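K.L.:
For reference, the chains in residue letters:
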Amino acid sequence: MTTTPFLSIRGVAKRYGAVAAVEDVSLDIAEGEFVTFLGPSGSGKSTTLYVIAGFQGPSVGDVLLRGSSLLRVPSNKRNIGMVFQRYTLFPHLSIADNIAFPLKVRRRSKAEIDARVQAMLRLVRLERYAERMPAQLSGGQQQRVALARALAYDPPLLLMDEPLSALDKKLKEEIQFEIKRIHNETGVTILYVTHDQEEALRLSDRVALFNNGRIEQVGSGRDLYDAPATHFVAGFIGNSNFLPAKVASASGAAFEAVLPDGSRLPGLTGARLAGASLAGAGLKAGDDVAIMVRPERLTITRGDDMAAGLVPATVTATTFLGDVVHVLTRTSWGGEVSIRLPCDGFRGEPPQTADKVRLGWPAGAARIYSAP
Amino acid sequence: MLLDFDRLGWLRYALCLVAVLVGLFLLLPILLIVALSFGSSQWLQFPPPAWTLKWYGQLFADPEWLTSFFVSLRIALTVMVLSTVIGLMASFGLTRGRFPGRELVRALFLTPMVLPVVVLAVALYALFLRIQLNGTFIGFVIAHLVVALPFAIISICNALERFDIAIEDAAIICGASPLEAKLRVTIPSIRLGVFGAAIFSFLASWDEVVIAIFMASPDLQTLPVRIFSTLRQDLSPVIAAVSSILVGFTAVLMLLAAFLRKDKPS
Amino acid sequence: MTTVPTPSLAGEVDLSPEPRRLAGLGAVAPALGLLALFFVVPVVALLLRSVLEPQPGLQNYAEVFGSTTYLKVFGNTFLVAGLVTLVTLLLAFPVAWFLAVAPRRWSALLFGVIVLSMWTNLLARTYAWMVLLQGTGIINRMLMQIGLISEPLSLINNLVGVTIGMTYIMLPFMILPLHATIRTLDPTVFQAASLCGASRFQVFRLVFAPLVASGVAAGVLMVFVMSLGYFVTPALLGGTSNMMLAELIAQLVQSLLNWGLAGAAAFILLVVTLAIYAVQFRYFGFGGGEAR
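Chains as they are written, first to last, in the numbering used here: chain A, 1 to 372; chain B, 1001 to 1266; chain C, 2001 to 2292.
One or more of the hints may lead you astray.
[To be verified] Okay, derived cross-link-like pairs now, DSS-like style, lysine-lysine, Cα gap no bigger than 30 Å in a straight line: (1) 1182/B x 104/A; (2) 110/A x 1182/B; (3) 110/A x 77/A; (4) 1182/B x 77/A; (5) 180/A x 170/A; (6) 284/A x 246/A; (7) 77/A x 180/A; (8) 356/A x 246/A; (9) 180/A x 169/A.
[As the list claims (entries may be wrong)] Covered stretches of chain C, going by a simulated chain B footprint (3 or more residues, C-beta under 8 Å): (10) 2096-2102; (11) 2116-2126; (12) 2222-2234; (13) 2263-2273.
[To be verified] Listed below are several chain B residues computed to face chain A (Cβ distance under 10 Å; list not exhaustive): (14) 1017; (15) 1163; (16) 1164; (17) 1166; (18) 1169; (19) 1170; (20) 1172; (21) 1174; (22) 1175; (23) 1178; (24) 1180; (25) 1184; (26) 1185; (27) 1189.
To be clear, the hints were calculated from the coordinates, so they are not data collected in a lab.
Everything numeric in this text was worked out from a predicted model, so none of it was measured.
Don't be surprised by glycine CBs; every beta carbon is placed ideally from N, CA and C.
Modelling step: build the complete structure from the supplied sequences, incorporating the hints.
P.N.:
Below, the structure is given as C-alpha cells:
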C-alpha cells in the first residue's frame, strides 16, 4: 500500500547540552533524487548530514535507508559516499590509488579495481592525472577526484558537504555542471549541503531550506521562490521587500492592512489576497504583519496621485544594469524598497533621484506573513 | 629599515662581523677534533706534526670501545622503536581525546624534557637500586625512554595537529575501519613527524650521558659513559677519533633529516 | 552563532547520543603508566627522602642553607648560569638579527653551522674545549707564540673554562628562539616608524626592542634554566672550587651516599626551575623555544 521511501529521516534532533544543532527534521527522499539542504551556517543542515553519514548519533529520531535503520551501522559499513568541504584526498597516495582505496578496503580483485578506477577517472574526465599526487592538482580537480573516489564503490547514496565552497565562482559553475552530468549518468541519489542558494537552485530537484535546526520548507526552487511558506524562506530565497503593516480588519477573505504612515491598503482585500497568498493563517485585527513583494513584481508610477498606486515613496537612487534598471526608494516611514524594472517597462524617462512616486503590484504578487 | 640588510649602514658590518665570529666559534672546535683525530701527536699539538690513522686503529683494536658502541646502539634502537610507538599512541590520545585532565597529562608528558636531568638520574638510580635494574639493558631502555618520549610526542603531536582529521573521516566513510584508516591513511600522511620522532628518540638515547653515568656498571657501559670516564683521566687522541665518528654520524642524520624535509609534499 | 563542536569520525565512531567521556585515555595509557612509574614515583620518592632521611624533619634543608660550602655552590650555580645567559644573549642577538636579514645563502650557511653544532655529541664538543683550553692547549700555545703572554693562562677547571664551554653549548638555544621572533617581524612597521620621523636609534628602542622582548625572554629563561641544572660540561671543564648544583647532587649520592641531603638539593633545583618556567608561562606563553 505505502511504498517504503528510499531514504527516510524521521524526527531527528541533535543536542549538545543546552544547544540544539538540529531541533526536529523529517524528510523522505526518493531513489535517484538530488536533494539540497540549503540554509545559513548553524542552521543544522550539516549536522543532519553528519547524522546520516554516522559521524554522530542523533539525540532522538531515526534514519532509514530502504526501510532499515542506519543508526546501529558504523560509518564504514554504511556504504555511503561522501565528498567533504575540505580537500580530503589522501596526500600520500596517487590519484588512481585514492580512487582505488575504497575498493581495496573492500578486498576487490585487482582486475576489478583497475577497471573501476579507469571508469571513474573517465567519469570525472581526469584520465591523464592517474599517476599525479593530490598536491599537484588544483582545488577543483581535487574535488573531482574526491567525487570519483566516493562513487567508486557504487554507493546508493552520495553525501556532499559544501564541496565547492573553497572554489572561485567560475570554477564552481564548471564543477556544478559536472556534478549535474554525473548525477544524470549514474542515477545516484545525492544529498547536497550548501549555503549558496544559486547553487541549490541550479543543482537540485528539491531544496530543503533549513533554519534554526528545522526545515522551513521543502520544494522545487520554483516553489520556494514563488510561494515561500514563511517569512524566513521569503527573505532567504531571492531578493524581497518587506513592508511592515498592521491588520486593520480580517474576516474570511476580506482583509485590510494599515501601513506605518497610516495609509490603508484597501487593495489587499478580497481578490488580491486570494488563495495561498495569505501565508499567515489566523490573522486578526491588530496583528503585526509583513507584506512581501519581489522587486521585479513592483510597478512604479510617477507623481503622488493616491489613485495611481498603493504606497507613496521617494526615489533615492537609480542604477542602470543593462537589461534592467534598479530603483531604490524610501517610503515615508523610512523603509527601503527596491524595484527592478525591465528597461522597456516604463514610458519615457526612468525615475530620477528625489522623484515622488507610488509603488504598486499586480494581484497575487504580494504575500503576507506574521511579523517575525 | 632595521630589517633591510642593504640599508643598515655600519650596523650591517657589525652584524656580519659578529655572525662570522660566532660561526667560527661554533664550527672550529668541531673541525679541530676531526683534524686532531688524524694527527700524530699524543699531546694533541696543532697543527699536527704528521698525519696518521693510528688512533682509529687503537680504537677499533679495543674491544671495550666496540662493546660500548654496540651497547649504545642496541639501547638507542630499542628506545627509538618503543618511544615512537608509545609516542604515536599518546599523541593520538592527546590530540583526539576528550578525557578530563587532558591538559594536565599533556604537561606531564613534556615535563621530563624541562626538568634538570640530574634530578631524574638520581631519582631513577635510587629506584633502580631497589628493584635491581641498574646496569641492566632494561634499566637503560626504561630510563632513556622517559627522556626520549617528550621529543617523540612533540614531533608527532605537531604533525597530527596539522593533519586534517576530515581526511581520516573520508577514509572511514570509504569503508575503512577506524584502525585501518589510521594505519593506511593517517600515519602514512604524518610520516615526517613519525620519522622525526624516531630520529629524536634515537639521539636522545644515543647522546644521553647523565643518567647513564649513574646506572652504568663495569659490564654494561654506553659509549658516552666510556667517553666521560676516559675524559676524567686524560685527553687521549682516541677520544678525538670517537668524537669524529660521532660528528660524522650527526652529519649523516642531518642530511637524512634534510632529505626527508625536501621529500615532503607541499 | 552556536558553538557546536565539529563532529568527526576519527578516533571514535560515536554512534551514541552523548560524546564518550574517556575517549583517548586508552591510547595515552602506556605513556602515562611509564611516566608515572619511572618519572613521577622516583622523583617524588627522592624528594620525600629529603624530609625523611636520616630522620623525619627539615634538618637536611637546615644543613643546606646553613653551610657555607653548600651556599657557595648555590652562589656559584647562579653566577655561572647568569654569566652564561648574559654572554650568549650578547652574542646571539646580533646573530639572530643577521640570520633574519642577511641574504638567504649566507643565513642558510650559518644556520647549518648552528644546527651541526647543536646536534654534535655533547661530550665531543666538551672534549674539544678541554683540548683547546688546557695549559698546553692550542689557545695558550698560540698566545705564547705571538708573545701576548709568557706563562700559560689558567683557562680550564675554573670559572673561565665553564663559562666558555657552557656558552658554546647554550648559544643555539638562545639564537633559535630569538631568530624565530625576529623573523616574524613585519618590515613595513619599521618603515612606517621611520616615516613618522623616528631616528634609527628611536626605532630600535621604541619599536624593535619591544617587539623582540618575548623572544629574548624565552631565550634567556630557557638558557638560564638549562644552565642551572647542567652536569656534564661543568663536571669536565669546571674546577673543584666552583662546583655547581648538579655536580653536588651527583657527589652527594655517589660518593657520600647522603640521600637526604641530595633530595633536598634536588628539591631546591626543581623549585627554582619550575618557578622560572611558571614565570615564562605566565607572562610569555611557551614562546619561541625549540630544544632538542
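K.L.:
Hints first: check each against the structure and report whether it holds.
P.N.:
Evaluation of the provided hints:
1. 1182/B x 104/A: Within the cut-off at roughly 15 Å; holds.
2. 110/A x 1182/B: holds, 23 Å
3. 110/A x 77/A: Within the cut-off at roughly 21 Å; holds.
4. 1182/B x 77/A: holds, 16 Å
5. 180/A x 170/A: holds, 16 Å
6. 284/A x 246/A: holds, 10 Å
7. 77/A x 180/A: holds, 27 Å
8. 356/A x 246/A: Judged against 30 Å, a Cα distance of about 24 Å means the pair holds.
9. 180/A x 169/A: With Cα atoms ~17 Å apart, residue 180/A and residue 169/A stay inside 30 Å; holds.
10. 2096-2102: holds (count 6)
11. 2116-2126: Answer holds; 10 residues pass the 8 Å Cβ test.
12. 2222-2234: It holds, with 6 qualifying residues against the three required.
13. 2263-2273: holds (count 4)
14. 1017: violated, 42 Å
15. 1163: Holds: closest Cβ of chain A sits about 9 Å from residue 1163/B, inside 10 Å.
16. 1164: holds, 6 Å
17. 1166: holds, 5 Å
18. 1169: holds, 7 Å
19. 1170: With Cβ-Cβ at 4 Å, under 10 Å, it holds.
20. 1172: Result: holds, 5 Å to nearest chain A Cβ.
21. 1174: With a closest approach of 4 Å, the residue 1174/B hint holds.
22. 1175: The hint holds - residue 1175/B has a Cβ within 10 Å of chain A, the shortest such distance being about 5 Å.
23. 1178: holds, 7 Å
24. 1180: holds, 6 Å
25. 1184: holds, 8 Å
26. 1185: holds, 5 Å
27. 1189: It holds, given that the least Cβ distance between residue 1189/B and chain A is near 5 Å, below 10 Å.
Checked against the numbered hints given earlier, this structure breaks only hint 14.
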